[in-house]
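**Student:** First to last, the sequence lines map onto chains P and A. Heads up: the first sequence is residues 1 to 277, going by this note's numbering. Heads up: the second sequence is residues 1 to 190, going by this note's numbering.
Keep in mind the hints are simulated off the structure, nothing from the lab. No incorrect hints appear here.
Pulled a few chain A residues facing chain P out of the computed Cβ check, cut under 7 Å:
| id | residue |
| --- | --- |
| 1 | VAL61 |
| 2 | PRO153 |
| 3 | ALA174 |
Result set (SDA-like, lysine to any residue): computed pairs, CA atoms no more than 20 Å apart in a straight line:
| id | chain 1 | residue 1 | chain 2 | residue 2 |
| --- | --- | --- | --- | --- |
| 4 | P | LYS98 | P | TYR134 |
| 5 | A | LYS116 | P | SER170 |
| 6 | A | LYS93 | P | ILE34 |
| 7 | A | LYS7 | A | GLU59 |
| 8 | A | LYS116 | P | SER262 |
| 9 | P | LYS128 | P | ILE79 |
| 10 | P | LYS188 | P | ASP205 |
| 11 | P | LYS266 | A | PRO30 |
| 12 | P | LYS83 | P | ILE41 |
| 13 | P | LYS31 | A | GLU13 |
| 14 | P | LYS181 | A | GLU139 |
| 15 | P | LYS2 | P | VAL80 |
| 16 | P | LYS128 | P | THR48 |
| 17 | P | LYS266 | A | ASP60 |
| 18 | P | LYS83 | P | ALA59 |
| 19 | P | LYS188 | P | ASN220 |
| 20 | P | LYS266 | A | GLU163 |
| 21 | P | LYS31 | A | ALA132 |
| 22 | P | LYS31 | A | ASP133 |
| 23 | A | LYS7 | A | HIS113 |
| 24 | P | LYS176 | A | LYS93 |
| 25 | P | LYS181 | A | ASN128 |
| 26 | P | LYS176 | A | TYR94 |
| 27 | A | LYS116 | A | VAL144 |
| 28 | P | LYS188 | A | LEU150 |
| 29 | P | LYS39 | A | ASN97 |
| 30 | P | LYS39 | A | ALA132 |
| 31 | P | LYS39 | P | GLY57 |
| 32 | P | LYS266 | A | LEU85 |
| 33 | P | LYS176 | A | ASN128 |
| 34 | P | LYS181 | A | VAL162 |
By construction, the Cβ of each residue, glycine as well, lies at the ideal position given by its N, Cα and C atoms.
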Amino acid sequence: MKRIVCLCTLPQSFQDNLSAYLMDAYDDLRKFNIEYDIKGIFIVYRNTVLLVLEGEGKAVARAAYKTRMDTRFKTCSIIVNCKIETPYFNRWSIRLVKPDSESQQLFLNRLKKELEKDFVFESPKDRKLYEDIYIAERNQVPAGAPAASGAGAPQAQELKHSDLVQYSVSLSAWPKPTQMKLTPPAMKTCSLISNRFVPYQTLIDRKIWPTEADLEQFINLLYSLGTLSLKMYQQPAGVSPAQAEPQKTAEQKTSEKQDRFSQLIKKFITSPRSKVN
Amino acid sequence: MDRIYKKLAIVGEVGAGKTQLIHTISEISPFATEARSSVDIGKEFTTVGIDYGRLSLAEDVALGLYGLPGQKRFSMLWDMVTQGLWGLLILAKYSDNFALESLQTVIDHFAPHRTKVPVVIGISHCENTDYADLDNFIEYLQVVLANYDLASPIYPVDPRDVESSIMVLQLFDALNDSYSNDDWIESDAG
Ligand SMILES: Nc1nc2c(ncn2[C@@H]2O[C@H](COP(=O)(O)OP(=O)(O)O)[C@@H](O)[C@H]2O)c(=O)[nH]1
Ligand SMILES: [Mg+2]
Chain P
1 MKRIVCLCTL PQSFQDNLSA YLMDAYDDLR KFNIEYDIKG IFIVYRNTVL LVLEGEGKAV
61 ARAAYKTRMD TRFKTCSIIV NCKIETPYFN RWSIRLVKPD SESQQLFLNR LKKELEKDFV
121 FESPKDRKLY EDIYIAERNQ VPAGAPAASG AGAPQAQELK HSDLVQYSVS LSAWPKPTQM
181 KLTPPAMKTC SLISNRFVPY QTLIDRKIWP TEADLEQFIN LLYSLGTLSL KMYQQPAGVS
241 PAQAEPQKTA EQKTSEKQDR FSQLIKKFIT SPRSKVN
Chain A
1 MDRIYKKLAI VGEVGAGKTQ LIHTISEISP FATEARSSVD IGKEFTTVGI DYGRLSLAED
61 VALGLYGLPG QKRFSMLWDM VTQGLWGLLI LAKYSDNFAL ESLQTVIDHF APHRTKVPVV
121 IGISHCENTD YADLDNFIEY LQVVLANYDL ASPIYPVDPR DVESSIMVLQ LFDALNDSYS
181 NDDWIESDAG
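Next comes chain P alone, as it looks inside the complex (with noise of 0.2 Å):
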C-alpha cells in the first residue's frame, strides 16, 4: 500500500469563493477513487488544496499523476510518497477548511501527526502553503470579538451574550443532520441567518426559542461549528438601504396573500393526523 500527499495551488485568488472547476477537479478524481479503490481526502484552504492518497501502490500512482497533469491546478507538489501497512483513511472525502471549527482543528492536528514523519519539502514556499493550512486562524472573528489566541490548539470560546448583542450573525452552512437535531427553532434561526447577516439583538425580539439562554446555546453551538461569522453591529445612520436586504420577488411582496398562505400551511404542518392515512 501506498500513500501519496500533493499539495496543489488554483491558479487565481478566489478568497473565501470557490471556483466550480474546483468543484470538478474533485469530482473526476472522485469517480476514479471509486474506480480504484482509493482512500483520502480533499482538503481546501484558500487556494491550497492538499490531497492524500492512500490506497494500492499503481492506482494511487496513477490517482497523484493526473493530479499533476490536471491543468486546473496551477501547482502541484508531491510533499509524501511512502509506503503503509495501514491506511489512515477509510473513505474518499473532501474538507473546507473552517477556522472555526474546533473538531475540524483536532482533525487536522492529528492528520498532521500522521503525515509529518514522511515530509519532503522540495521549496520552503510549499512548506509555507502546508503550514497555512494549519494555523488558520479564527479569522472570520472581527477584532475584539472573543478569539483563539495560541494557532493550532484552540479552546473552546463561549460567547456570551453582553459579546452577541454587538454583533451580527451570519450562517454558512446549515449545521449537518449529525451534529444536531433540526427543531422548528433551529430551523427558523438558520432560515433567518443563512448567508446573511442579521444582528443578534433581532434575534432576541423575534422570540424563536423559549428563553434567551436557549438562543445564546444555539448560537454558541453554531460557532463551534465553524459555519458562524460575526461582524460588528452599526447603527443605521439615516437611510442606508441595507447589504443583507434580500431582494424580494413580486408575489413576496403581495404580502396579505402571503400571510393566508403562509398561516395554512403552518396550521397544517403543525396539525396532528392520524398514521393510517
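On the provided structure of chain P, position chain A with the ligands as indicated by the hints.
**Tutor:** For chain A with the ligands alone, coordinates are given in the frame of chain P:
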C-alpha cells in the same frame, strides 16, 4: 379556481423519489377539493412529463407539487413552474455516482442565488447509509452550494415517510418567512 396557488418544484433524477413524495404529500391534504379541477390541471402536465399533485389547504388555497426530471434537456419544463414558486426542492438520490453536472445545471437554471427562491436539498435513499458517509456527501454538496454563495439546508428525506415529507414543507415555510418578514432590515446597516 384557487385564489392562492403556490408551487413547489421538485427536481431530481429518475428514481430519486419525486413521484413518491408528491403522492405522500397529496394524500395528506387536509382539504378535499373537487376532483375536477385538480384532475384537469394534472393531465395537462403529465402529458409533457411533469408529475403533478397538490396539497389543498382550503377551498381556495393550494400548493401545487411539480415533479421535474433533472436532466438539462428537460429545462424547458422547468420554466413552466417558475411563476409563483414557493420553493425549489432538489432531490438528490444518495449514491457513489451522484451527478454533479445535473445539480449544477438545476442551480444555474433556477438561479436561486439571484431570485432568492428558497432551496432545500433533500437526500433520498439514504436510510441505510452510515453517518460518516452521509456526512461526507453533505459536506460535498455544501462545497457545491458555496460556489453559488448559497447556504441552503441539506437534509435526508424519505419520500415514503409522512413526517419526513412534512419536514420538507416546514423547512420551506421557515425559509419563506425569513424573506417575507423584513422588520429587521431597517435595523441593520449591513
Ligand atoms: N428505500 C427508499 N426508497 C425510496 C426512497 N425514495 C423513493 N423511494 C422509492 O424509489 C422508487 C422510485 O421513486 P419515484 O418516486 O418513482 O422516483 P422518481 O423517478 O423521482 O419519480 C419508488 O419505489 C419509491 O418508493 C428512499 O428515500 N428510500
Ligand atoms: Mg416519477
